[in-house]
Amino acid sequence: MSVISRLTSIYSKYKLKECIKKGLKVGEGTTILCKPNFGSEPYLVSIGKNCRIASDVKFITHDGGTWVFRKNGKYKDINKYGKIDIRDNCFIGIGCIIMPNVTIGPNAVIGAGSVVTRDIPPDVCAAGNPARVICSLDEYIEKSKKATIPFPKDYKSKREVLEKYFWGENSGELRKVQ
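In this note's numbering, the protein residues as written are 11 to 188.
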């Protein structure tokens with residue numbers, strides 16, 4: 011791991027601890043990878059148990075657009091805030107943006123780069139901008155089973171198998187690695 015990677019990891023852990031001190035709720039068994047952004051109101055974000063939040067996910071709990079008209083005296087007190095509630099056993103892909111007033115149901119998978127602007131039901135996969143349901147969790151499981159490449163658990167062997175599978179002479183054909 012490079013010095014920059016280590017510093018980024020340390021900083022991310024520090025920021026996460028600070029957000030938890032400010033009221034961010036994180037359930038047991040949840041993993042939050044580097045560089046999440048919980049914004050200025052982390053106390054409006056709740057993440058359930060056994061979730062995985064990929065890198066660079068942004069949790070937006072307010073509508074900054076009200077700034078445009080708040081300068082006008084008669085609108086100076088207008089603001090818009092909303093909570094974000096991610097239920098148990100969810101996966102949020104890299105680079106997602108979760109907008110205010112959103113609940114993501116249990117066992118949901120949110121695809122990388124998605125912008126979640128409305129509630130996502132349980133047991134589905136959603137993706138896009140704005141995020142929409144693209145398949146059920148059961149359908150995603152079946153697709154994943156078909157795409158699975160069996161390989162040994164140790165890193166060196168895994169790398170060897172994957173390199174031969176994707177870059178070998180007969181790429182796409184899984185061959186036994188000696």
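One should not assume that every hint holds.
[Claimed, not checked] Restricting the straight-line Cα-Cα distance to at most 30 Å, the calculated cross-link-like pairs of lysine-lysine (BS3-like) are:
id: 1; residue 1: LYS84; residue 2: LYS59
id: 2; residue 1: LYS45; residue 2: LYS168
id: 3; residue 1: LYS59; residue 2: LYS35
id: 4; residue 1: LYS156; residue 2: LYS23
id: 5; residue 1: LYS156; residue 2: LYS174
id: 6; residue 1: LYS23; residue 2: LYS174
id: 7; residue 1: LYS86; residue 2: LYS153
id: 8; residue 1: LYS90; residue 2: LYS25
id: 9; residue 1: LYS35; residue 2: LYS25
id: 10; residue 1: LYS68; residue 2: LYS27
id: 11; residue 1: LYS27; residue 2: LYS155
id: 12; residue 1: LYS168; residue 2: LYS155
id: 13; residue 1: LYS45; residue 2: LYS31
id: 14; residue 1: LYS23; residue 2: LYS81
id: 15; residue 1: LYS81; residue 2: LYS59
id: 16; residue 1: LYS153; residue 2: LYS163
id: 17; residue 1: LYS93; residue 2: LYS35
id: 18; residue 1: LYS25; residue 2: LYS45
id: 19; residue 1: LYS32; residue 2: LYS59
id: 20; residue 1: LYS45; residue 2: LYS166
id: 21; residue 1: LYS45; residue 2: LYS84
id: 22; residue 1: LYS59; residue 2: LYS155
id: 23; residue 1: LYS81; residue 2: LYS68
id: 24; residue 1: LYS153; residue 2: LYS166
id: 25; residue 1: LYS81; residue 2: LYS93
id: 26; residue 1: LYS84; residue 2: LYS25
id: 27; residue 1: LYS166; residue 2: LYS68
id: 28; residue 1: LYS86; residue 2: LYS59
id: 29; residue 1: LYS23; residue 2: LYS86
id: 30; residue 1: LYS168; residue 2: LYS153
id: 31; residue 1: LYS168; residue 2: LYS156
id: 32; residue 1: LYS59; residue 2: LYS45
id: 33; residue 1: LYS86; residue 2: LYS163
id: 34; residue 1: LYS93; residue 2: LYS68
id: 35; residue 1: LYS84; residue 2: LYS156
id: 36; residue 1: LYS84; residue 2: LYS27
id: 37; residue 1: LYS81; residue 2: LYS35
id: 38; residue 1: LYS25; residue 2: LYS59
id: 39; residue 1: LYS59; residue 2: LYS93
id: 40; residue 1: LYS156; residue 2: LYS59
It is worth saying that the hints were derived from the structure and are not from the lab.
Comparing the hints with the structure gives:
This hinted pair does not check out: LYS84 and LYS59 have alpha carbons roughly 43 Å apart, beyond 30 Å. For the suggested pair LYS45 and LYS168, the alpha carbons sit about 27 Å apart, so the restraint of at most 30 Å is met. The suggested pairing of LYS59 with LYS35 holds, with an alpha-carbon distance near 10 Å, which does not exceed 30 Å. Distance hint between LYS156 and LYS23 is unfulfilled; the C-alpha atoms sit about 36 Å from each other, more than 30 Å.
For the proposed pair LYS156 and LYS174, the alpha carbon gap of about 19 Å is at most 30 Å, so the pair holds. Pair hint LYS23 plus LYS174 does not hold up; C-alpha atoms about 36 Å apart against a cutoff of 30 Å. Between LYS86 and LYS153 the alpha-carbon distance is near 51 Å, which puts this suggested pair outside the 30 Å criterion. Restraint check for LYS90 and LYS25: the C-alpha separation of about 25 Å stays at or below 30 Å, so the hint holds.
In summary, the hint linking LYS35 to LYS25 is supported, as the alpha carbons are separated by about 14 Å, within the 30 Å threshold. Straight-line distance between C-alpha atoms of LYS68 and LYS27 comes to about 16 Å, which keeps the hinted pair within the 30 Å bound. A threshold of 30 Å between alpha carbons decides the hint, and for LYS27 with LYS155 the separation of about 36 Å lies outside it, so the pair is violated. Taking the CA atoms of LYS168 and LYS155, the gap is near 18 Å; set against the 30 Å cutoff, the hint holds.
For the hint linking LYS45 to LYS31, the alpha-carbon distance of about 17 Å falls within 30 Å, and the restraint holds. Taken as a hint, the LYS23 and LYS81 pair is broken in the structure, with Cα atoms around 37 Å apart against an allowance of 30 Å. Distance restraint check for LYS81 and LYS59: the Cα-Cα separation of roughly 41 Å exceeds the 30 Å cut-off, and the hinted pair is therefore not satisfied. At most 30 Å may separate the alpha-carbon atoms for a hinted pair to count; LYS153 and LYS163 meet this at roughly 22 Å.
Simply put, LYS93 and LYS35 have alpha-carbon atoms about 12 Å apart, close enough for the 30 Å limit, and the pair holds. With a CA separation close to 9 Å, the supplied pair LYS25 and LYS45 stays within the 30 Å bound. Between LYS32 and LYS59 the CA atoms are separated by roughly 19 Å; this keeps the pair inside 30 Å, and the hint holds. With a C-alpha separation of about 28 Å, the suggested pair LYS45 and LYS166 falls inside the 30 Å cut-off, and the hint holds.
A C-alpha spacing of about 38 Å is found between LYS45 and LYS84, which places the hinted pair above 30 Å, so the restraint is violated. With a C-alpha separation of about 25 Å, the suggested pair LYS59 and LYS155 falls inside the 30 Å cut-off, and the hint holds. The hinted pair formed by LYS81 and LYS68 meets the criterion: a straight-line CA distance of about 27 Å does not exceed 30 Å. With a C-alpha separation of about 27 Å, the suggested pairing of LYS153 with LYS166 holds against the 30 Å cut-off.
Taken as a hint, the LYS81 and LYS93 pair is honoured in the structure, with Cα atoms around 25 Å apart against an allowance of 30 Å. Of the supplied pair hints, the one linking LYS84 and LYS25 is violated, its CA atoms being roughly 37 Å apart against a limit of 30 Å. Under the criterion of a C-alpha separation no larger than 30 Å, the hint pairing LYS166 with LYS68 is inconsistent with the structure, at around 34 Å. With a C-alpha separation of about 39 Å, the suggested pairing of LYS86 with LYS59 is violated against the 30 Å cut-off.
Pair hint LYS23 plus LYS86 does not hold up; C-alpha atoms about 36 Å apart against a cutoff of 30 Å. The straight-line distance between the Cα atoms of LYS168 and LYS153 is roughly 21 Å, inside the 30 Å bound, and the hint therefore holds. At roughly 18 Å between alpha-carbon atoms, LYS168 and LYS156 fall within 30 Å of each other, so this suggested pair holds. Straight-line distance between C-alpha atoms of LYS59 and LYS45 comes to about 20 Å, which keeps the hinted pair within the 30 Å bound.
Between LYS86 and LYS163 the alpha-carbon distance is near 59 Å, which puts this suggested pair outside the 30 Å criterion. Restraint check for LYS93 and LYS68: satisfied, since their Cα atoms lie roughly 13 Å apart, inside the 30 Å limit. The hinted pair formed by LYS84 and LYS156 fails the criterion: a straight-line CA distance of about 59 Å is larger than 30 Å. Between LYS84 and LYS27 the CA atoms are separated by roughly 39 Å; this puts the pair beyond 30 Å, and the hint is violated.
For the hint pairing LYS81 with LYS35, the CA-to-CA distance comes to about 33 Å; that exceeds 30 Å, so the pair is violated. About 20 Å separates the Cα atoms of LYS25 and LYS59, which keeps this hinted pair within 30 Å; it holds. Taking the CA atoms of LYS59 and LYS93, the gap is about 17 Å. The hint holds against a cut of 30 Å. For the hint linking LYS156 to LYS59, the alpha-carbon distance of about 28 Å falls within 30 Å, and the restraint holds.
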